[in-house]
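Undergrad: Please build the complex by placing chain B on the supplied structure of chain A, with the hints as guidance.
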Amino acid sequence: MKPRVTQLGMVSIGFVATGVIYLAAYLPKRAPLAPAVVFLVLAAAVFAFNALSLARQPGFAWWRFRQVAGWMTLVYLIVAGMLEFTFLYDHTRGPALAIMTLLLAIFTLNVPLLSGWTVAHLETD
Amino acid sequence: MAVAVAQEQPVPITAPIIPVRGLFPVGVVLAGIVVTIGTNWTWGLDFFHVVGGGMWTALDLFMGFVIGPIMRSLSIPARIELTKKLMPKMLLIMPTLVTMTLAAGFQLARHNGMLETSFSLHGWVVASMIVVAVMAIVALALLQPANIAVLFELRRPQPRPEVVQRLMRRFIYAAGVTGAMQVATLVIMTRLAS
Numbered sequence: 001m002k003p004r005v006t007q008l009g010m011v012s013i014g015f016v017a018t019g020v021i022y023l024a025a026y027l028p029k030r031a032p033l034a035p036a037v038v039f040l041v042l043a044a045a046v047f048a049f050n051a052l053s054l055a056r057q058p059g060f061a062w063w064r065f066r067q068v069a070g071w072m073t074l075v076y077l078i079v080a081g082m083l084e085f086t087f088l089y090d091h092t093r094g095p096a097l098a099i100m101t102l103l104l105a106i107f108t109l110n111v112p113l114l115s116g117w118t119v120a121h122l123e124t125d
Numbered sequence: 001m002a003v004a005v006a007q008e009q010p011v012p013i014t015a016p017i018i019p020v021r022g023l024f025p026v027g028v029v030l031a032g033i034v035v036t037i038g039t040n041w042t043w044g045l046d047f048f049h050v051v052g053g054g055m056w057t058a059l060d061l062f063m064g065f066v067i068g069p070i071m072r073s074l075s076i077p078a079r080i081e082l083t084k085k086l087m088p089k090m091l092l093i094m095p096t097l098v099t100m101t102l103a104a105g106f107q108l109a110r111h112n113g114m115l116e117t118s119f120s121l122h123g124w125v126v127a128s129m130i131v132v133a134v135m136a137i138v139a140l141a142l143l144q145p146a147n148i149a150v151l152f153e154l155r156r157p158q159p160r161p162e163v164v165q166r167l168m169r170r171f172i173y174a175a176g177v178t179g180a181m182q183v184a185t186l187v188i189m190t191r192l193a194s
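Chains A and B are the protein sequences, given in the same order. Numbering of the first sequence is given in the numbering used here, commencing with residue 1 and proceeding in unit increments. Numbering of the second sequence is given in the numbering used here, commencing with residue 1 and proceeding in unit increments.
So here's chain A without its partners, still in its complex pose:
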């Protein structure tokens, strides 16, 4: 059975988005961080499960996955760099910055995974 990479990726990015919206909705005050940490952990857990289930996929076209995911990682590192610049520029500091950065990291990892999977699994269809 094929892993549900796209669906799980959507769930993981959904948790990232919820965490970011939750934090942003409190600006310029500091939001209580516990719910944001919960969203972060959920996003990371779903991403990890997704990546592991993909890694166990037999006969997967990893060469194509690496090709697509590699370039997508480069693109989204630039996007993530711009977003991180905005966080720092807006004086986000301390635990809030750490959580935002980790949410951003999970987002940045999810995008190449989704594109790489979509292209690579069609190689062996």
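Calculated from the structure, these hints are not laboratory results. Note that CB positions come from ideal geometry on N, CA and C, so glycine has one too. Among the clues, some could well be false.
Pairwise CB distance ranges, derived in the manner of DEER restraints [said to hold, decoys possible]: (1) Ser118(B) with Arg56(A): 29 to 37 angstroms; (2) Leu74(B) with Leu88(A): 44 to 52 angstroms; (3) Val34(B) with Arg30(A): 25 to 33 angstroms; (4) Met1(A) with Leu74(B): 31 to 39 angstroms; (5) Trp62(A) with Arg169(B): 38 to 46 angstroms; (6) Leu88(A) with Ile76(B): 43 to 51 angstroms.
A short, non-exhaustive set of chain A residues, derived as facing chain B with CB atoms under 7 angstroms [what the hints assert, rightly or not]: (7) Gly9; (8) Met10; (9) Val11; (10) Ile21; (11) Leu114; (12) Leu122; (13) Thr124.
TA: Positioned in the frame of chain A, the structure of chain B alone reads:
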């Protein structure tokens, strides 16, 4: 007859996946956003947000409600031909417009005090973030991967029409969802501006 056969077997593209020349204007726009944010240039923020947002909304609505239905009615070879021309450009245009709109919009809202919980229409601002999140999830998980996958498929010596059709169906439905979300964006943005 010969023409019909030629139409049934589209020639695969061998060019790069994205138009490399298009990277230059993308780089200029991104550099412009960074400079504008870094210098707190209010007109620049307004410009990037309004121009980017207008183009993003118009393109999403056009793709979802005009190109989508047209694409569904085309023959497979015609769909492939349109896809070959359209998708590489969309891969550059859409992420640039989205980055430009969101980055400038967030900073603008910050400067105008719209992000603050005390702002009378704060609920609408949060609603706009939720709409953007839905669009981002659909675009990053469905639209963009389908877009890239169809371009890879068209590079094969023998592109598989059923795979192209499946990916394009996904692309068209996802574009429809983001088009509908853009209608919500229009309602929210006009509410915030009035």
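Undergrad: Does each hint fit the structure? Answer for all of them.
TA: Structure-based check of all given hints:
no. : hint                                        : verdict
1   : Ser118(B) with Arg56(A): 29 to 37 angstroms : 51 angstroms, violated
2   : Leu74(B) with Leu88(A): 44 to 52 angstroms  : 48 angstroms, holds
3   : Val34(B) with Arg30(A): 25 to 33 angstroms  : 26 angstroms, holds
4   : Met1(A) with Leu74(B): 31 to 39 angstroms   : 34 angstroms, holds
5   : Trp62(A) with Arg169(B): 38 to 46 angstroms : 27 angstroms, violated
6   : Leu88(A) with Ile76(B): 43 to 51 angstroms  : 49 angstroms, holds
7   : Gly9                                        : 5 angstroms, holds
8   : Met10                                       : 4 angstroms, holds
9   : Val11                                       : 9 angstroms, violated
10  : Ile21                                       : 5 angstroms, holds
11  : Leu114                                      : 5 angstroms, holds
12  : Leu122                                      : 6 angstroms, holds
13  : Thr124                                      : 12 angstroms, violated
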